[in-house]
Amino acid sequence: MIALLWKDLVIELRTKETLASLFLLGTLLLIVLSFAFDPTHPMREQSAPGVLWVAIIFAGTSAINRSLLRERENDCFAGLLLAPIDRGTIYLAKTVVNLILLLVAEAFLIPLFIFFFNLPFLATVARLALVAPVITLGFAAIGTLFAAISLRTRAREIMLPLLMLPLATPLFLAAVEITRDLMNGASYADVSHWFKLACTFDVVFLVVGWLTFEYAAAE
Amino acid sequence: MQNTIELSDVSRSFGRVRAVDRLNLTIASGTATALMGPNGAGKTTLLKLCATLLAPDSGRIRLAGLDPATDGAAVRTRTAYLGHDSHLYADLTAEENLRFTARLHRLADGHRRIDDALDRIGLRAAARRPVRTFSRGMQQRCALARILLQQPGVLLLDEPATGLDVTARDVLYEIVRELRRNGTTVLVTTHDVSECVAICDSAILLARGRVTWSGAVGPADRATLEERLRSPLASA
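From first to last, the protein sequence lines are chains V and H. Counting in my numbering, the first sequence runs from 5 upward without gaps. Counting in my numbering, the second sequence runs from 2 upward without gaps.
By construction, these hints were calculated from the structure, which means they are not laboratory data. It should be emphasised that the depicted structure is a prediction, and the values quoted were computed from it without experimental measurement. Ideal Cβ placement from N, Cα and C applies to all residues, glycine included. Take the hints with a grain of salt, since some may be wrong.
Unchecked claim - Computed from the model, here is a short list of chain V residues facing chain H with C-beta under 8 Å:
1. V14
2. F41
3. D42
4. L85
5. A87
What the hints assert, rightly or not - Far from chain H, some chain V residues (derived; all Cβ distances over 10 Å):
6. V36
7. L107
8. T128
Please take these sequences and the hints and turn them into a complete structure.
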């Protein structure tokens, strides 16, 4: 597991491909979506959580796809499958790397989001500090699994969002609802049912991914 | 025997194409066997089945007494596979790629083995260069170094000399012979009869996923083998 993490992080530090695409695409989406709403309209604040998560999800989907596509060069993915390790470990390592990269990108995108929507900085960061890792873990878990499934398909770039987004709807719904309620002053206890849903999603897809990766990755 | 490869009634299809068709095969431990036949005969599929990269649709495979379906990781500990692709990360150096392999295989003396392998295949000077800057032949040599690290019980080679210059090819043949002396079972796909007689003591001819001929081969059998490969049955 450590060797797999080391390999992916070293390559990312050298190429910066995934982080660069996350930052650029995420920033562009935030700018475009923030301009789409009238700054004086009272509904602008209500739509802010949706804008944040749409930016993260679309930029993140592209980044997760990229992290698996990298393994196609020299058929390195087959090289991983030939390693004398449980193939579920490959899935867990890829998920952890994607989680780390997404969290790093969010640490950059959330302040931008706060700036564009003119929100109180510290209060918003404090509210999102627990939400973001829980949602991002589920996103990385389901994204990595479906990226592996779509890796050997012909239209692989489009297959990941087509396969993943419908199944990830409960997670994204929870993300938007928790963020909106917390920004409106609700306590964590008030949104605990959405938190439970997101945590259950995380656990289910981590276990399913770990158990089925061998078959998902098969030719 | 220790590193025996056994296939019983193994079939594998891709859609409607049956690549391997009810194949029965036993390869004795410590021998080197060439898999030969026309394109599409099922050679690469057979190697991938043995390497656990593919699962059979039906039938049973045993490698070194282990079942890949239930003991996949244990089989992969004893098996090395070198295919058309090098499986090397282009953004890592040769040394880092080898270190990654050593870690995955939990080799206690990884550093020493990496040094020995780099010296052996003549990549010492390029060890700290990213693999992206390597020629195809250098990449194949680096992939060979990975096999040297592993010291496998079963070695599966899919047209291994493709892209190698004469010197590198000689190194490859020498490594195969050395591994055999240490008890490694070698299964190699090739179209080259010279390569077959240079490193193998037996050959299996495949056509449409089935064995059409098998037997011992030596330098004297070169012409016969070429004739068999040209026969209508082999190219059926």
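Against chain H, with CB atoms and a cut of 8 Å, does the hint on V/D42 hold up?
Cβ of V/D42 sits 45 Å from chain H, so the hint is violated.
Non-interface claim for V/L107 versus chain H (Cβ beyond 10 Å)
Given a closest Cβ separation of 22 Å, the condition holds.
10 Å cut-off, C-beta based - V/V36 kept clear of every residue in chain H
The assertion about V/V36 holds, with a minimum of 32 Å to chain H.
Non-interface claim for V/T128 versus chain H (Cβ beyond 10 Å):
holds, 37 Å
A closest beta-carbon separation below 8 Å is what the hint needs, so does V/L85 meet it against chain H?
Since chain H brings a Cβ to about 6 Å from V/L85, closer than 8 Å, the hint holds.
Would the hint on V/A87 stand, with a C-beta cut-off of 8 Å toward chain H?
Status holds, d = 4 Å.
Hint V/V14 vs chain H: min CB-CB distance below 8 Å?
It holds, given that the least Cβ distance between V/V14 and chain H is near 7 Å, below 8 Å.
V/F41 as chain H interface residue, shortest Cβ-Cβ below 8 Å:
It is violated, given that the least Cβ distance between V/F41 and chain H is near 40 Å, above 8 Å.
Going through the hint list in order, the structure does not satisfy hints 2 and 3.
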